[in-house]
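For the record, the sequence lines run as chains A and B.
In my numbering, each number is its position in the first sequence, counted from 1, plus 56.
In my numbering, each number is its position in the second sequence, counted from 1, plus 8.
Derived from the structure by calculation, the hints contain no laboratory data.
As the structure is a computational prediction, the values presented were derived from the model and not from experiment.
Be aware that one or more of the hints could be misleading.
[To be verified] Keeping only pairs whose Cα atoms sit at most 20 Å apart, straight-line, the calculated SDA-like set for lysine to any residue is:
#1 B:Lys-378 / B:Leu-409
#2 B:Lys-315 / B:His-305
#3 B:Lys-335 / A:Arg-105
#4 B:Lys-69 / A:Gly-92
#5 B:Lys-69 / A:Glu-64
#6 B:Lys-378 / B:Met-283
#7 A:Lys-58 / A:Ser-121
#8 B:Lys-335 / A:Ser-121
#9 B:Lys-69 / A:His-114
#10 B:Lys-335 / A:His-114
[Claimed, not checked] The following residues of chain A were derived to be distant from chain B, with all beta-carbon distances above 10 Å:
#11 Gly-94
#12 Thr-97
#13 Ser-98
[Said to hold, decoys possible] Reference listing, derived: stretches of chain B covered by chain A, where coverage requires no fewer than 3 residues with Cβ under 8 Å from a Cβ of chain A:
#14 106-117
#15 344-356
Beta carbons are placed, not taken as given, at the ideal position from N, Cα and C, and that holds for glycine.
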Amino acid sequence: MKVRIDPEICQGQGRCFSIAPQIFDFDELGNGVVLGDGLLTSETIELARLAQANCPEHAVFIEDSP
Amino acid sequence: MTDNPLVQDFATDWDHSDPQWVADPYPIWEDLRQRCPVAHTDRYGGGWFPATHAGVSEIAKDTTNFTSRNVVIGNGRPTELDLPAPIGVAPPITSDPPFHAIARRLILPAFAPGPINALEPMIRELCSKLLDTMAGEDVVNAGTQYAQYIPPSVIRGMLGFPEEDIEQFLEFVHIILEGIDHPEEERIIEFEPVEKYFVAQIEEHMDSPRDDLTSYLLNAELDGQNLALEHVFGTMVLILVAGIDTTWSAIGSAIWHLAHNPEDLARLVNEPDLMPVAIEEFLRFYAPVTMARLVKHDMEYQGCPMKEDDWILLGFPAANRDPVAFKDADKFIIDRAENRHVAFGLGIHRCAGSNLARLEMRVALEEFIKRYPRFELADSKAVTWAPGQIRGPRNLPIRILQ
Ligand code: HEM
Ligand code: SF4
Numbered sequence: 057m058k059v060r061i062d063p064e065i066c067q068g069q070g071r072c073f074s075i076a077p078q079i080f081d082f083d084e085l086g087n088g089v090v091l092g093d094g095l096l097t098s099e100t101i102e103l104a105r106l107a108q109a110n111c112p113e114h115a116v117f118i119e120d121s122p
Numbered sequence: 009m010t011d012n013p014l015v016q017d018f019a020t021d022w023d024h025s026d027p028q029w030v031a032d033p034y035p036i037w038e039d040l041r042q043r044c045p046v047a048h049t050d051r052y053g054g055g056w057f058p059a060t061h062a063g064v065s066e067i068a069k070d071t072t073n074f075t076s077r078n079v080v081i082g083n084g085r086p087t088e089l090d091l092p093a094p095i096g097v098a099p100p101i102t103s104d105p106p107f108h109a110i111a112r113r114l115i116l117p118a119f120a121p122g123p124i125n126a127l128e129p130m131i132r133e134l135c136s137k138l139l140d141t142m143a144g145e146d147v148v149n150a151g152t153q154y155a156q157y158i159p160p161s162v163i164r165g166m167l168g169f170p171e172e173d174i175e176q177f178l179e180f181v182h183i184i185l186e187g188i189d190h191p192e193e194e195r196i197i198e199f200e201p202v203e204k205y206f207v208a209q210i211e212e213h214m215d216s217p218r219d220d221l222t223s224y225l226l227n228a229e230l231d232g233q234n235l236a237l238e239h240v241f242g243t244m245v246l247i248l249v250a251g252i253d254t255t256w257s258a259i260g261s262a263i264w265h266l267a268h269n270p271e272d273l274a275r276l277v278n279e280p281d282l283m284p285v286a287i288e289e290f291l292r293f294y295a296p297v298t299m300a301r302l303v304k305h306d307m308e309y310q311g312c313p314m315k316e317d318d319w320i321l322l323g324f325p326a327a328n329r330d331p332v333a334f335k336d337a338d339k340f341i342i343d344r345a346e347n348r349h350v351a352f353g354l355g356i357h358r359c360a361g362s363n364l365a366r367l368e369m370r371v372a373l374e375e376f377i378k379r380y381p382r383f384e385l386a387d388s389k390a391v392t393w394a395p396g397q398i399r400g401p402r403n404l405p406i407r408i409l410q
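Produce the complete structure using the sequences and hints provided.
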């Protein structure tokens, strides 16, 4: 599984990187970005889901990685 | 408070300044969600109020049919004296696309988590000093002695205005907050001393730039040019208006809640790590900010015959209580894990100051409960709530328990 943020939808609400700093960071405008390749492990998947469930803009996507 | 007649039916005649709404709006919104999801009023020249999460989020994101040209409801409408859309009087909050993105991009870096997190020690010291001034009192006013002072003092520090000017600065903040929806001609006269002081500060910063928000705005460039002085002044005014009674209300509501929910207070005292999650629930449950839009052109919207220049009251606090969007929406759950609340708005106007607001709330509450691990309302009937679009307790007497 892989996580990504759609930059067109993200408005920098900042919930993802507060909840899961292991997975997300912010850019100089305060918008959310995914750290590294965004691949999730069995340890990080739940945290990514929690961040997704708290993003008011629905900008976080968790998808099957190819 | 307005002198308008009391409301009999909020579905056809809503008024956000009606005493019943000011005292306790939540049952009104719940009733509207069940029988009239987009309520109407002829007051203020005509307006609509969607009470559901779906309605609020759709309108917040729709800049084609709705304009931000005026975001505070009054009896008037923008006049020729006001700058037209897409810029508006106070960019970016009164701006529409495409200009909005430019004005917003200008201020975002100053409010991104990096620079904001660096303010934590300053805010902590400020809160601690405020608590020192209240020491020894059995009953303290958490509104007028504490919450009210925190946001303006933080912003004074961010702007780099001298600490000894704080009383004068608080007075200016007062003039601005009171005067913001006065007609342009009155506002110009009222703002004169404010403008004089701010311009003097701006000039002083031009002579000796330093690492603060004033110098940041003076250095900022639009199309390769520095901003006009009026733009710098306008942005400072917006930051004061948007950042002060909003955050003061949020801090006050949280203290009010803790004062009559001892089990939540005890949990926060015993589990400090819960604070960030609790803050999101305070923001959801007591969201202080309701915005407005104007309808751009006559249209039918969700079966409602909307007219050009009708108001939309954009109730983020009502959206946060919609049971369709939140499980047990009417319950305050201090450790609510999934919380997509919209207290900071949705879409392109998402609160630019949200990182700062959260930091101020967290530090203000941490310091308060560290000093006073047990307290209660001293007189629940004495608590007053601000009317209008910013909701929060103003008079908040708290009895300190041993
Ligand atoms: C708990 C405190 C706060 C709440 C609940 C809050 C809420 C909001 C909301 C709902 C909006 C959206 C406006 C709209 O859709 O028309 C907004 C916009 C804005 N807020 Fe806040 N705010 C808070 C504190 C602050 C602070 C501390 C600052 C800065 C010092 C600030 C600066 C702004 C600015 C500049 C905008 C306009 C953004 C834009 O139009 O792009 N706010 N705020
Ligand atoms: S929570 Fe959503 S809107 Fe906020 S920064 Fe993360 S992805 Fe963006």
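Is the claim that Gly-94 (chain A) lies outside the interface with chain B correct, judged by CB distances over 10 Å? Non-interface label stands for Gly-94 (chain A): nearest chain B Cβ at 20 Å, farther than 10 Å.
Does the alpha-carbon distance linking Lys-69 (chain B) and Gly-92 (chain A) stay inside the 20 Å limit? violated (30 Å)
Below or equal to 20 Å on CA atoms is what counts here, so check Lys-69 (chain B) against Glu-64 (chain A). OK: Lys-69 (chain B) and Glu-64 (chain A) at ~13 Å, within 20 Å.
Holds or violated: Lys-58 (chain A) to Ser-121 (chain A), with C-alpha atoms at most 20 Å apart: holds (5 Å)
Report holds if the minimum CB distance from Ser-98 (chain A) to chain B is greater than 10 Å, and violated otherwise. holds (19 Å)
Checking a non-interface call: every C-beta of chain B should be farther than 10 Å from the C-beta of Thr-97 (chain A). Is that right? The assertion about Thr-97 (chain A) holds, with a minimum of 21 Å to chain B.
Can you take a look at whether the segment 344-356 of chain B is actually covered by chain A? Rule is 3+ residues, C-beta closer than 8 Å. Contact hint for the segment 344-356 of chain B vs chain A: holds, 10 residues under 8 Å.
20 Å limit on alpha-carbon distance, applied to hinted pair Lys-69 (chain B) and His-114 (chain A): holds (13 Å)
Regarding the pair Lys-378 (chain B) and Leu-409 (chain B), is the alpha-carbon distance no greater than 20 Å? With Cα atoms ~13 Å apart, Lys-378 (chain B) and Leu-409 (chain B) stay inside 20 Å; holds.
Is the hinted pair Lys-335 (chain B) and Arg-105 (chain A) satisfied, with a Cα-Cα distance of at most 20 Å? holds (17 Å)
Take a quick look at whether Lys-335 (chain B) and His-114 (chain A) sit within 20 Å of each other, Cα to Cα. With Cα atoms ~17 Å apart, Lys-335 (chain B) and His-114 (chain A) stay inside 20 Å; holds.
Checking one constraint from the list: CA of Lys-335 (chain B) to CA of Ser-121 (chain A), max 20 Å. Satisfied? Status violated; Cα separation ~31 Å.
In this structure, the earlier hints numbered 4 and 8 are contradicted, and the remaining ones agree with it.
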